[in-house]
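Given chain U, put chains H and D in place with the hints provided.
Residue strings, one per chain:
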Amino acid sequence: MIITKGMVLSDIKLEKRRKLKDRIFQFMVIGFSVIAVIPLLLIIGKLVKEGVGQINFDFFTRTAPNTMEAMVAVNNNETIPGGIANGITGSLLMVVMASVMAIPVGVVTGVYLSEFGNSKFAGLVRSIADILQGVPSIVLGVIAYLWVVKHITSGYSALAGSVALAIMMLPLIIRSTEETLKMIPVTYKEAAFALGVPYHKVIYKVLIPSGLSGLLTGILLAISRVLGETAPLLLTALGSSMITLDITEPVSAVPLLIWDFYNDPNMVSLIWSSSLFLMGFVLFLNIMAKRIAKKWKIQ
Amino acid sequence: MNEAIIKINDPLISIENLSVAYEQGKYAVKDVGAGIKKKSITAIMGPSGCGKSTLLRAINRLHELYPDIVVEGDIYLNGNNIFQMSAIALRRKIGMVFQRPNPFPTMSIYDNVMAGYKLNGKSLKKDRKDEIVEKSLKEVTLWNEVKDALYNKGNFLSGGQQQRLCIARALAYKPDVILMDEPTSALDPVATSKIEDLLVELKKDYTIVLVTHNMSQAARISDYSMFMYMGELIEYGETSGIFSTPVDKRTEAYLTGKFG
Amino acid sequence: MKSEKITKIVLLVTAGLIILIAAGMAYSLFGGAMPVFQKFGLKFIISSDWNPTEGRESYGAMPFIAGTLLTSLLALLICFPFAFSTSLFIGEYYRGKKIGSILGTLVDLLAGIPSIVYGLWGFYVLKPLIVNLGINQHGLGIFTASLILAIMIIPYATSLSNEIISLVPNELKEAAYSLGATRREVITNVILPSAGSGIVAGYVLALGRALGETMAVTMLIGNANIIPDDLFGMGNTMASVIANQFGEAEGLKLSALIAIGLLLFLITALVNFLGKLIMKKLYS
Chain U
32 MIITKGMVLS DIKLEKRRKL KDRIFQFMVI GFSVIAVIPL LLIIGKLVKE GVGQINFDFF
92 TRTAPNTMEA MVAVNNNETI PGGIANGITG SLLMVVMASV MAIPVGVVTG VYLSEFGNSK
152 FAGLVRSIAD ILQGVPSIVL GVIAYLWVVK HITSGYSALA GSVALAIMML PLIIRSTEET
212 LKMIPVTYKE AAFALGVPYH KVIYKVLIPS GLSGLLTGIL LAISRVLGET APLLLTALGS
272 SMITLDITEP VSAVPLLIWD FYNDPNMVSL IWSSSLFLMG FVLFLNIMAK RIAKKWKIQ
Chain H
4 MNEAIIKIND PLISIENLSV AYEQGKYAVK DVGAGIKKKS ITAIMGPSGC GKSTLLRAIN
64 RLHELYPDIV VEGDIYLNGN NIFQMSAIAL RRKIGMVFQR PNPFPTMSIY DNVMAGYKLN
124 GKSLKKDRKD EIVEKSLKEV TLWNEVKDAL YNKGNFLSGG QQQRLCIARA LAYKPDVILM
184 DEPTSALDPV ATSKIEDLLV ELKKDYTIVL VTHNMSQAAR ISDYSMFMYM GELIEYGETS
244 GIFSTPVDKR TEAYLTGKFG
Chain D
117 MKSEKITKIV LLVTAGLIIL IAAGMAYSLF GGAMPVFQKF GLKFIISSDW NPTEGRESYG
177 AMPFIAGTLL TSLLALLICF PFAFSTSLFI GEYYRGKKIG SILGTLVDLL AGIPSIVYGL
237 WGFYVLKPLI VNLGINQHGL GIFTASLILA IMIIPYATSL SNEIISLVPN ELKEAAYSLG
297 ATRREVITNV ILPSAGSGIV AGYVLALGRA LGETMAVTML IGNANIIPDD LFGMGNTMAS
357 VIANQFGEAE GLKLSALIAI GLLLFLITAL VNFLGKLIMK KLYS
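Here the protein sequences come in this chain order: U, H and D.
Mind the numbering: the first sequence is residues 32 to 330 in my numbering, read in order.
Mind the numbering: the second sequence is residues 4 to 263 in my numbering, read in order.
Mind the numbering: the third sequence is residues 117 to 400 in my numbering, read in order.
So here's chain U without its partners, still in its complex pose:
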């Protein structure tokens, strides 16, 4: 508080008020910030509390129970048998397929944007990638339905689910690839060219290896994003009680199983363990990605 000679009582009062306002403001900022992250802790807490007990070996290896089994178990006060194996395999299948579709196209497009970024066409590509990034996932589900469920597999399928997820991953991978490659000093490119290395080899033997960590970060983040998605899968993969690798058939996924459990009064208690698993895995990928990114930035 600045009190100088010649200040009158009203001035001093003003100073006091300003200081008070400042304190209150700071208090509010800290308070609101803390409140903002409380839900995170509450959610994690709830999931751990309710879900940890049900996670065991069976959880990962057995498929989800059907409603009869669940009802019987609930009536007899036993733990519901089964696990989420069909969800895990389904999610894995679709994420792998989506990656196979999205990573090559995404990385190459990212290379194009970082090499020719100033052309008008590049500007168009970038804008479209931005628009695509903002499309709600449910709309992508509609698209995959129209393209795959209707016309390709004549029915719900893992392929349809993968297509929806791939379109979700694409803009993320494009952007992170472009950003990563733009940061590689141009001198490495020039050194490679000066050695008489042809353009395509400069790209995949020098540029991409140099930016590998950054690329990986983008890919991991994209994967962690789509692993948790439910909405588009409701319209495309539908769900299945079996573990299957047939991409033309419906398949389950961890979020879909959670949705099934939620909707079935007999299986409701299973939602916590599966959610814990899903959230834990997604957060794990997230943290891994950020750590790789940090390591790369230091280089």
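Simulated restraints, written as ranges between beta carbons of each label pair:
no.	chain 1	residue 1	chain 2	residue 2	range
1	H	Asn155	U	Val217	24 to 30 Å
2	U	Asn149	D	Lys214	39 to 45 Å
3	D	Asn305	H	Lys156	46 to 52 Å
4	H	Pro192	U	Lys50	56 to 62 Å
5	H	Thr248	U	Phe147	48 to 54 Å
6	U	Ser158	D	Phe348	36 to 42 Å
7	U	Pro135	H	Ser126	22 to 28 Å
8	D	Leu158	U	Asp89	53 to 59 Å
Residues from chain U that face chain H, not an exhaustive set, calculated with beta carbons under 7 Å:
no.	residue
9	Tyr219
10	Ala225
11	Leu226
12	Val228
13	Lys236
14	Pro240
15	Ser241
If you are wondering where the hints come from, they were derived from the structure by calculation, not from laboratory data.
Given the structure is predicted, the values throughout are model-derived calculations rather than measurements.
Think of the CB as a built atom: it goes at the ideal place given N, C-alpha and C, for glycine as much as any other residue.
Chains H and D alone, transformed into the frame defined by chain U:
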């Protein structure tokens, strides 16, 4: 041919009426003609922006990485017009060393030396590769310093060592010519003098064209010197001659420090 | 250079793929929506009907548009003080300090929680809370959905603001401090005006995210196909109705749902475009 420009007999490289423009009408290099003598060190000097780097990069057509650049005139290497051969084939005959040392960050020292082969997909037997690596590193007097760390990445090396590694990388591919774009300007005086000694040794076997912003470096180690100013080749001759009795007034002004 | 030309063409064509995908999406959405627009014209957008009975089918998107806009805007409003405080915490008060980056990480983690998990937590924890507080009879409705949405979009609203706020040049702040300003005054008079458009852009982008959110909202909004009469009533959103009713939909109903998807796409694209525009102005 004007008398400020020396005529080289039987030049390895012959530059004829070369002009390079970055944009329409903006010429960085204007109508330069000169011959480069085999197995010598030719220095290109001049104030900032005079076009010396641009001229150097035209020799291995590196300017073609930037599609807006336009080139007129011809350059001959061993009698062959470089613009009529494959750029890739050309660059494999010419080694280049850059201002900031740039060993490839994802490769080991060993692989860096062999980069010319590795990146071009040329696989050799391990013995042959070991031979090339050892020879190249010995040529740049780096062998003893790194022979026990060949498979580590080069980032623990000092600036001077990294630059010598880059020179080894260029040598490994057995080029006819080595182009050097201010190779010591990012290095400390000790590293600089080591590299200058190295270049004097190398010129016994290689033809070296060296761009330098440091005229005393040119005076120290080059056999021939070019002075460029605002894109034009003002004067070119034996180094001793140019530094003692420059023909052109502008050369004299530059050498006496009248402009940077 | 032949191989170089080929490489360039491959790069170009692959980049063009994304344009093809986007075009295909637009084509499919418009095509699928055509039937319902042909039957009801633009009235579809403002109508509140939702009658799938055969013979008397009538569909309208208004309840869902209303629900989407209401929940998203309300969510934005609710999240504002929290997101803004977090931005100031991370970008100003504790910038560069350990606790600032810890909070930043925690907020980031909020973005990593899957939507369905938010929905479950909202349903089993938030909903009873709201019922107990007497706000609402069943705990479902616009308000509850907005609440969970607000939590979900906090990280999107803050991520941009953090950076912008921390980038305000020190000289400006120091000048203000040396005139005897308090921290709060520096914030309101120097940082905010300077970072203003960046902060706004962040919220616009958060809005875009809220508009498209499906699972958490669908579990908390009550799924009533009506325009809610007050903020605590039940309603429905465009994303929810698609998620819920797409399964067995056929014919005109399917077309209506696709049309809603198209509208959702357009609204979201518009909002995101606005956000990007503001950001461009900021960086130019």
